[in-house]
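Since the structure of chain V is provided, determine the placement of chain G on it from the hints.
2 protein chains.
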Amino acid sequence: MSYHDILKATRSMVTEYMSGLDPSHDMYHVDRVTRLALDIAHDGKKQGFTIDFELVELAALCHDVGDRKYYQGKETGGQLILQFLNQQQYKKADLVAKIVDHVGFSKELGWNDDLDDKEQVYWRNNCYELFAVQDADKLDAIGAFGILRCAAFSGAKNRPLYVPDHKPIDNISQQEYLNNTSTSSAITHFHGKCYICLLYKEES
Amino acid sequence: MSYHDILKATRSMVTEYMSGLDPSHDMYHVDRVTRLALDIAHDGKKQGFTIDFELVELAALCHDVGDRKYYQGKETGGQLILQFLNQQQYKKADLVAKIVDHVGFSKELGWNDDLDDKEQVYWRNNCYELFAVQDADKLDAIGAFGILRCAAFSGAKNRPLYVPDHKPIDNISQQEYLNNTSTSSAITHFHGKCYICLLYKEES
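Chains as they are written, first to last, in UniProt numbering: chain V, 1 to 204; chain G, 1 to 204.
No false leads were mixed into what you were given.
Identical chains share a label here; the pair holds if one copy fits it or two copies do between them.
Computed list of lysine-lysine pairs in DSBU-like fashion (alpha-carbon distance at most 30 Å, straight line):
(1) Lys138 - Lys118
(2) Lys107 - Lys157
(3) Lys107 - Lys118
(4) Lys118 - Lys45
(5) Lys8 - Lys167
(6) Lys74 - Lys157
(7) Lys167 - Lys138
(8) Lys107 - Lys167
(9) Lys138 - Lys69
(10) Lys107 - Lys8
(11) Lys91 - Lys8
(12) Lys118 - Lys91
(13) Lys157 - Lys69
(14) Lys107 - Lys91
(15) Lys138 - Lys157
(16) Lys167 - Lys157
It should be emphasised that the hints constitute simulated quantities derived from the structure, not laboratory data.
Just chain V, with the same shape it has in the complex:
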């Protein structure tokens, strides 16, 4: 099967998958992230980095498959994608799957470069294809789209938009972030996310 056919089959599978979620995580989001990730990858190429655009495109398309906010099955998103791309006989299925398993704000909150497996730490800190998808996904979680998506997620999950006496948590942990999803408001959720993004920016 040609890459074109694999891409087409993947987009079709993801379109079907996303139609079961809500407007905060729909195919329009996936398409924006894919376009952004490819733009970032093109910038990287101009700067001299060697980048596999197929990996960027397929991982961006698949980045929300298996997202724990929605998916209750035992497989990770990467495992679901590995199975699918192997069925399409795509030779780099394992690399796409690995990227998918490393995209997600709550996953990143659980990482610790001092304690985690050295090889994993090196890979996630040096894989430009991963950076492109991670950053594209974060760009769609801030700004105008980020605000709309955060509120839409609240609407879909029946989480209030603003609760006067709920104070946002500044230096949120992975566990607090995950609990926060069901117990707090859109405003505190957005604050927590932006605060951490700001910390990352200051550190980088």
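Chain G only, in chain V's frame:
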């Protein structure tokens, strides 16, 4: 029953009612609108208008009961409120009910001062208690809260946030507005609403 007791019973009924809707129309919204409506009424009093604060408070509390975006029954919101307040033996139940039946952006789109009943037109153009609740509700439909609420409604109703090739309708009719709810995006919905609000402002 004292006004205090009637207010308490009404708030309790509305809290229960709103808990069945979604975060775009929850008790936090009702409380914001009620506070805003009372603030507007206080301003009106300072300017010399005679205002019945009980009507403002009860109508603001009840303004979303029977909202057609959610309620499928045959009664109007006003009819539901009339029945409830009569049960509480509130003497001005009919006035509160009348105000409730006149609050709502889509209702206003259907009004025509040249064609509608003259007495109704005079009343709705001169009732300060109605103005206070109408304006308070509109204030919570624009600005930061308006954006969040519009997106949350999209999330709850599975309406996309932004569809690249959907063009917003500028001078929207009542029918277009009502259809728009299910067929378009949060962005076009918000645009239509703000455009009409701007027209009202220019006319006033």
